[in-house]
Structures are given as structure tokens and as C-alpha cells.
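Novice: Line by line, the protein sequences give chains A and B. Residues 1 to 298 in full-length UniProt numbering are what the first sequence spells out, letter by letter. Residues 1 to 276 in full-length UniProt numbering are what the second sequence spells out, letter by letter.
Quick caveat, the hints were computed from the structure, so don't treat them as lab data. Quantities reported herein were computed from a predicted structural model and do not represent experimental measurements. There may be inaccurate statements among the hints.
Unchecked claim - Below, a list of computed lysine-lysine pairs in the PhoX-like style, where the Cα atoms sit at most 25 Å apart:
hint	chain 1	residue 1	chain 2	residue 2
1	B	Lys105	A	Lys3
2	A	Lys192	B	Lys8
3	A	Lys192	A	Lys93
4	A	Lys3	B	Lys131
5	B	Lys131	B	Lys263
6	B	Lys105	A	Lys2
7	B	Lys8	A	Lys4
8	A	Lys291	A	Lys192
9	B	Lys131	A	Lys4
10	A	Lys63	A	Lys192
11	B	Lys219	B	Lys59
12	A	Lys263	B	Lys105
13	A	Lys2	B	Lys98
14	B	Lys219	A	Lys93
15	A	Lys93	B	Lys98
16	A	Lys263	A	Lys66
17	A	Lys263	B	Lys8
Said to hold, decoys possible - Covered by chain A, according to a simulated footprint, are these stretches of chain B (three or more residues, beta-carbon under 8 Å):
hint	stretch
18	147-155
19	169-175
We treat Cβ as the ideally placed atom computed from N, Cα and C, and that holds for glycine.
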Amino acid sequence: MKKKTWIGLAFASPWLLGFLAFTLYPLLASFYYSFTSFNIFQSPEFIGFANYTELMGDDLFWKSVKNTLYLTAVSTPINLFFSLLIALLLNTKIRGLSIYRTVYYIPTIVPLAATSLLWMWILNPQYGLLNDMLRMVGISGPNWLADPGLSKFSLVLMGLWASGNVMIIFLASLQEVPQSLYESSQIDGANKWRQFWSITIPTISPIILFQLIMQVINNLQYFTQAYFVVSSSALNMPGSGGPENSLLMYAMYLYHNAFIYFKMGKASAMAWILFIIAGIITWLIFRSSKKWVTYGGE
Amino acid sequence: MRSIKLRKSLPVHTLLVLVGIAFLAPFAWMLLTSLKSLEEISTFPLTIWPEVFHWSNYKDVFDIIPFARYFLNTLLVTLASVVGQLFAAPLVAYSITKIEWSGRKWIFPIVIATMLLPFQVTMIPIYMIFKDMGLTGSYWPLIIPTFTGAPLYIFLLRQFFMSIPDAIIQAARIDGASESRIYVTMILPLCRPALAAVAIFTFLYTWSDFMGPLLYLNKADMYTLTLGLQAFLAEHYTEWGLLMAASALFTLPLIIMFFFAQKQFIEGITLTGIKG
Numbered sequence: 001m002k003k004k005t006w007i008g009l010a011f012a013s014p015w016l017l018g019f020l021a022f023t024l025y026p027l028l029a030s031f032y033y034s035f036t037s038f039n040i041f042q043s044p045e046f047i048g049f050a051n052y053t054e055l056m057g058d059d060l061f062w063k064s065v066k067n068t069l070y071l072t073a074v075s076t077p078i079n080l081f082f083s084l085l086i087a088l089l090l091n092t093k094i095r096g097l098s099i100y101r102t103v104y105y106i107p108t109i110v111p112l113a114a115t116s117l118l119w120m121w122i123l124n125p126q127y128g129l130l131n132d133m134l135r136m137v138g139i140s141g142p143n144w145l146a147d148p149g150l151s152k153f154s155l156v157l158m159g160l161w162a163s164g165n166v167m168i169i170f171l172a173s174l175q176e177v178p179q180s181l182y183e184s185s186q187i188d189g190a191n192k193w194r195q196f197w198s199i200t201i202p203t204i205s206p207i208i209l210f211q212l213i214m215q216v217i218n219n220l221q222y223f224t225q226a227y228f229v230v231s232s233s234a235l236n237m238p239g240s241g242g243p244e245n246s247l248l249m250y251a252m253y254l255y256h257n258a259f260i261y262f263k264m265g266k267a268s269a270m271a272w273i274l275f276i277i278a279g280i281i282t283w284l285i286f287r288s289s290k291k292w293v294t295y296g297g298e
Numbered sequence: 001m002r003s004i005k006l007r008k009s010l011p012v013h014t015l016l017v018l019v020g021i022a023f024l025a026p027f028a029w030m031l032l033t034s035l036k037s038l039e040e041i042s043t044f045p046l047t048i049w050p051e052v053f054h055w056s057n058y059k060d061v062f063d064i065i066p067f068a069r070y071f072l073n074t075l076l077v078t079l080a081s082v083v084g085q086l087f088a089a090p091l092v093a094y095s096i097t098k099i100e101w102s103g104r105k106w107i108f109p110i111v112i113a114t115m116l117l118p119f120q121v122t123m124i125p126i127y128m129i130f131k132d133m134g135l136t137g138s139y140w141p142l143i144i145p146t147f148t149g150a151p152l153y154i155f156l157l158r159q160f161f162m163s164i165p166d167a168i169i170q171a172a173r174i175d176g177a178s179e180s181r182i183y184v185t186m187i188l189p190l191c192r193p194a195l196a197a198v199a200i201f202t203f204l205y206t207w208s209d210f211m212g213p214l215l216y217l218n219k220a221d222m223y224t225l226t227l228g229l230q231a232f233l234a235e236h237y238t239e240w241g242l243l244m245a246a247s248a249l250f251t252l253p254l255i256i257m258f259f260f261a262q263k264q265f266i267e268g269i270t271l272t273g274i275k276g
């Protein structure tokens, strides 16, 4: 081999080793595990499709699928829309931009564990701040996180508070839209609304696409906040999924199977189903993107 | 002129301030609650400002859970992870941007693909690897993977390295400098701002990580703050003054860091987010 190749390999070797040990091998191993009966204490035993057929008849599995898809489908668009709205407001050449940006970003730095605790307290049905404010205007507030119909929406609300990353990325991309495009369209008599749809959105559409995909994939793995909320309920016990299992997220049920019930084979089957679902959704988004994403030449 | 400008921007400012209040109010509520007694928290009508500043909540956090211990545990894992990422990520980024070798064009697409891979897909086999090595229950499973470079940081540094002109590296090569010498004496100093961003993001991520410690740490005296907080919540889920004090203490180091390194923060996020 050429000397360059050796040097290149040497520099890339940390990643290469990591990829083999912590990505490629685990990917194949979990595929194999998904066809085995396997707990931490005994070695895997091949059982064919039994884990997959068991999952198909498992109500909790379907519950976790529904919960997670609901959260992803509701949270992702609301989050992107909200972040874009804030970014547009900040992009009006306003004075004090950096102060606003800092204020809006601070909640995003708060660790998810602390964010969860804080919102559990704010959404507390009796002594929480939100219901107290509702009480002042004569509304008796709901049970939020303890209400099976509202618990997931409460998590969406929580996510909105910490959407600073997407906001900053949108703001930066808005600032990169060439000013000349706006100027020439102004001469053509286009109003702000037209400019937004014919210049702003097409120019930043590749960034919207990337953020959309990352958000969907992150939401499919939703875990920490739901796990914290469930930890505090009176029903707190290993394997709990919150009020009527309304907070049993896919990643949570997978974790329960692997590390509470020690059904590693079944959990691996869940992992591969997640992999395939995430893959299909990403592919569908990419396919649809040909219709709405514009790649401008630089 | 000035007043016209002000009148035009007044509605936008009003809106921005209102949004700002909505963003900061929960945070303020965390701090205000952390200074209230249990009685004050559970009496109607709710008070906004604490009747008496109940500073003892902060002291009690240290007595009820070994907060100082958890703090140090978290700091240890976090700093080790920062070292790991700073070691590995720039090496890999240099290899795929500045060394002309045939394998480099394969690496970048794979790095991007692994960014999209859900953590759960590889979680169980990785757990088994560390279990077979007898490392579960230690900090090693949290630290070792960081020495292989996270895809996001390799991506971020790649974006940065692309902006360094090849000509200066070429000149050094002609002068007979070895790649490792170029890397250490030229490249690393040049990309200090990007390395700062990697360090900050790693700090933030590891400090806040819950899943990793949940999987691998089983002894209470080795807990990180997230695990400690969760255990605390499970036992004292009505004592919101204490819980908010613990949350505030947990968040404080990150807020301090953010104020000192805001520029690198924003630039780093922008670098991963917009230039594909």
C-alpha cells in the first residue's frame, strides 16, 4: 500500500476501531440476537421468528408504538414551526438580537433531567404554576401528566421550551439568504408574503429537511423525560408506563424488556424494528423532499 | 428618523419580550421554588415570592443525597469524555479532509449514516461487550467510546477543516514536515475555536446524559447527578423545594459555562446545522 494510505488509515483509526466495535459488530449482533432467546445470564439460543411473533401479539408493544408515533407526529412539526417563527422574528434586524437569542437559548442548556423535574412541578395539578394561573382566570386546569389523554401533549409542551438548537440553526440560515434576492424581487413588486414563500423558504429548505430528519429520529428514541415523569408517580415500580401506559415510549419498553425482564432477544427484535421504521420514515422524507427542497448552486 | 424606526420595531420588541418572559418564567419558578419551605409550597393561594428565603433547601440537598460525591463523579466522567473527543474527533476529521488517500471518500458518508442510527439498535450488544470485559458497574463503558470520536463532532470539525486552505499544508509538506508534525503544530492551533465547540458540546452532553449511566452504573456511590436526581425524585416526589434546589445546582455549571463560551456555542451549532 502507498504511504499516504497508511498515514490516512492511522489518523482515521480511532473512528475505524470504534465503527467496527461499537457500530458494525453490534448492528449485526443485535440482528442475530433478535432471533434468539437470550438473557444476560445465559448465552443466546436460536428460536427463529418467535420474538417477532411474540411482539405482534403484545399489547404493550403496540401501545408503545402508538405513543411514540403520536409524540413524533405532533412534536416534530410543532417544534419546527415554532423554532422557525422565533427565528423569523429575530431576523428582522432588531436591536438587542444577541440578548434575545441568549434568553431563548438558556432553557435548552438545562439538562433534560432537570427540565423534566421543573415541568412536572409546573404542571402539578394542585400546586403547579400553570393550573394556578388558569384558576385565576376561572378555569379549573386538567391533570396534565397524570391524565392519559393529555400526558403526551404535556411532553410536547416541555419540548417546546427547549427548542433552542433548531431556532439558532434556522436563524443562522436565514441570515445567509442573499440580500440581493430580496432587493431584486422588491423591484419586481413582490410583497413580504410572496418573498417569504418564493425566496426564504426555498433557500433554507435543505436545512429544514436536515432538521426534520434529525428531529424525527430523536423523537423515535424519546426516553429520558418520559422515564423521569414515570419515576415519580404513585404507581412507580419497575416497568411502569405512566397513567394507563400513556407514557410508555418505544425506547422505554425496549429498555424494560432488556434490563428489567431480561428478555434481551425480544428487546433486540424491537431494536431492529425501530431501525427499519426509522429507515423507512427517513427514506419517505427524502423522497418527498424532491418536491419541496431546492438546492441552489453556490 | 429614530422615532420612526422605534415605532416600526415596537410591536416586534413587545412580542420578543413576551416570548422571552415565557422562556424565562419556568426557570425563575425553579429558583423561586427552591427557596420555599415545604409548607409554603403546599398552601393556597400560591405565593410567587418566597415569604422567607429558605436557603436551607440547598444545604439539605447535600445531606439527603451525597450531592458532592455525585457532582465529582459526573465531573470525572465528563472531563474524561471531553479528553476522548478532543483526542479522536480532530484526528479523523484531518484524515478525511487533508490527507489524500483512497479510503477517505468512504468514511464521511458512513459517519453521516451512523449519525442517523438510533442508539437502541446497538445498545444491547455494546452492553454485552462491556459485560464480557467485566466493565459494567465502572465508568469505562461511558468513557471508552468517546475515544473513538462521535460522528457529530467529526462532522463539525470536517466542516471547519474544509475552510483551511490546502496550500499552507502543502507548503509544510514540501518543507519536509511529517503529517503528525503538521497536525500537532499547525492544524490543532488553527482549529482551536472548533475544538472549543467540541469540548463544550461534549461537556453539555455528558453532564446531562441519563441513558448511559442508567445502563452501566449500579452502585449508588458511583451515580452521576442525573441518576442521583432520579433516585431522589422516586423517594421524595412531593418535596419540590428540595427537588428544585437540586435541579438548580445541577444546572448551574452549564449556565456558567454558557455565559463564558457563548460565541463558540452559537458558532458550533451553526457549523453542524447549516453547511451540508
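Novice: Of the numbered hints stated earlier in the document, which are not met by this structure?
Specialist: 4, 5, 7, 9, 10, 12, 14, 15, 17, 19
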